[in-house]
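K.L.:
One line per chain: the protein sequences are A and B, in this order.
Going by my numbering, the letters in the first sequence line up with residues 4 to 286, in that order.
Going by my numbering, the letters in the second sequence line up with residues 5 to 307, in that order.
Be aware that a few hints might be false.
As the list claims (entries may be wrong) - Computed footprint of chain B on chain A; a stretch qualifies when at least three of its residues, placed anywhere within it, have a C-beta under 8 Å from a C-beta of chain B:
| no. | stretch |
| --- | --- |
| 1 | 9-16 |
| 2 | 110-120 |
Unchecked claim - Label pairs and their in silico Cβ distance ranges:
| no. | chain 1 | residue 1 | chain 2 | residue 2 | range |
| --- | --- | --- | --- | --- | --- |
| 3 | B | 17 | A | 215 | 49 to 55 Å |
| 4 | A | 17 | B | 133 | 15 to 21 Å |
| 5 | B | 56 | A | 157 | 58 to 64 Å |
| 6 | A | 17 | B | 17 | 41 to 47 Å |
Bear in mind the hints are in silico, worked out from the structure with no lab data behind them.
Ideal Cβ placement from N, Cα and C applies to all residues, glycine included.
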Amino acid sequence: MTGTFSRMFRIELQKALGRRFPWIGVAVLVALMSFFYVVFFLFRGNIPASGTRFLYWPDSLIYGLGYASGYASWTSYGTYLLIALVGVSVGQEYGWRTLQLWLGHGVSRRTVLAAKMLLSLGLAVGIVVLCVLVVAAISGVFSLVVHGGVAFASVNPGQLVAGVARTAFSMLPYAALTFLLAVATRSTLVAIGGAIAFVAVLETALLQILPHLGAVLDRIVQFLPAGLSSALNAPNAAIAGSTALTTGSQPTPVEAAIVIAIYAAILSGLTFIVFERQDLTQA
Amino acid sequence: MLRAHNLSKKFGAVVAVKDVSLDVREGEIFGFLGPNGAGKTTTISMLLGLTHPSSGSVEILGERVTPSQTAVLHQVGTLVGDPALLMPFTARQNLHMLAYLYPDVSDRHVEAILEEVGLSEAADRPARTLSTGMKQRLGLALALVTEPRLLILDEPANGLDPAGVHELRTLFRSLADKGVTIFLSSHQLHEVELICGRVAVVNRGSLVVEGTVEELTKRSGDHVTVTTTEPGRTAELLRLLPDARDISVTATGLEVAGVPSELVLQHLVTHGATPKEVSVKHRDLEEMFLELTRSEPPLAPTK
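Looking at chain A on its own, in the form it has when it is part of the complex:
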């Protein structure tokens, strides 16, 4: 079982990285991040000096995490890339009928799904690390230009690793939602479209509207995935000098982590149940 799982995971990894689509996504992510970062740098004169720390090492490294997930859904490009990659990884296998290939060769349904879920986790971590690396490179240049050097010694590795872990973990509910939509509908388009609609439209609208409708609803907003992500990543935001996404009293990072884990577990559990019951005659 373990042997088959590790082999299946290696195959998943090869399928994810051995094609053009993910690299196009990465290129778009890097281009967007670079564009905004350079714009901020060029217009830094309009920002109070104390607010420009995010443009230079070491604070820039933590700030870069926000491009993956955390401070605002409209700049969480990493989350959108993760949704696209998970949607494609699961949905296309229905289109190509390759799920039948693995299952028809004795790989259990649980192993197939678990390998894909582990891949999703790996992709989340990879995307967050990528965001840090891109910002590190660009802000390294800015640091050299403005300060004449890069403050390598000021980087707190523990803080950085914890920030990466928190950010990747906060992306899991979105990955799990995409996974569930892909399995339930057998459609790449519905999975990606549905998850992005949730992040960019529904959740964003709820975050904007509910706090104005009373204290209870304001509290509920804190427990939406974006609210939880904001709460979990509050230490990142504090270091990077960013503002929190929600305004009410946030859950503690530990509470947020627990609820995020519950979201991911429920959505993943539902995915397993749907997949176990699915007929794959002509899917």
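Chain B: place on chain A using the hints.
P.N.:
Below, chain B without anything else, positioned relative to chain A:
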């Protein structure tokens, strides 16, 4: 080798497969026939644990197979419907990825399979750029690359040209000689007749008949051809025979089924008719198939 016991599958009120039982023996090439929509692919999907049976059970190599219990399928090669291919990857990569699940399968074996199915020259082309026939060859290669003891193939000759079909026949024979059992669903009745030892015919979800090709072609008797200048009167006389059926007038006389030629001749002579010739027309699998799948009544939907 492969046993299905009373397999049934309902999709809502529609019965796709009803009480199909099969027994495929080790080392044989078993034909599984039926018209479009007869339930062949659904049955095969249940054999492979891809679809949940409404009732019934499957055993392969002595182990039960269900959608949550498929470990034995590690020893089975499959091709169900259109080939399942990772489209952006080359033919060679497709094979290597599946072979990676099997530690014993060597790179040399992968190359040998590419050669065997005639894909060596196209091995480095992405699967999506292959022609229909080439995709089918790659699907076959995927079924073979794991060195299976049992092959379950649904329409493996789809999209192949006559030379490809001939190569496939040779390949199946050589696999059977090596002891590989083959469960073959096909529309190509002539091919089935040439290579299969036993066949089963399904129609409208039910198993209509099962046996050797010889048994089945003899099952409903040969057609008797009567050459005569009086087809109308002869037909009336033949209708008097209790077992006579499928009486049809032809350009030179008529044909009748269900009765031996000796009885036809004796009956006509006794009643004063003088046919020019009475001969036996042997039936092939195609005629038997058409007759069986035409005459079966449709299954009523369950409530």
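K.L.:
State the violated hints by number, sorted upward, taking the hints as numbered earlier in the document.
P.N.:
Every hint satisfied by this model.
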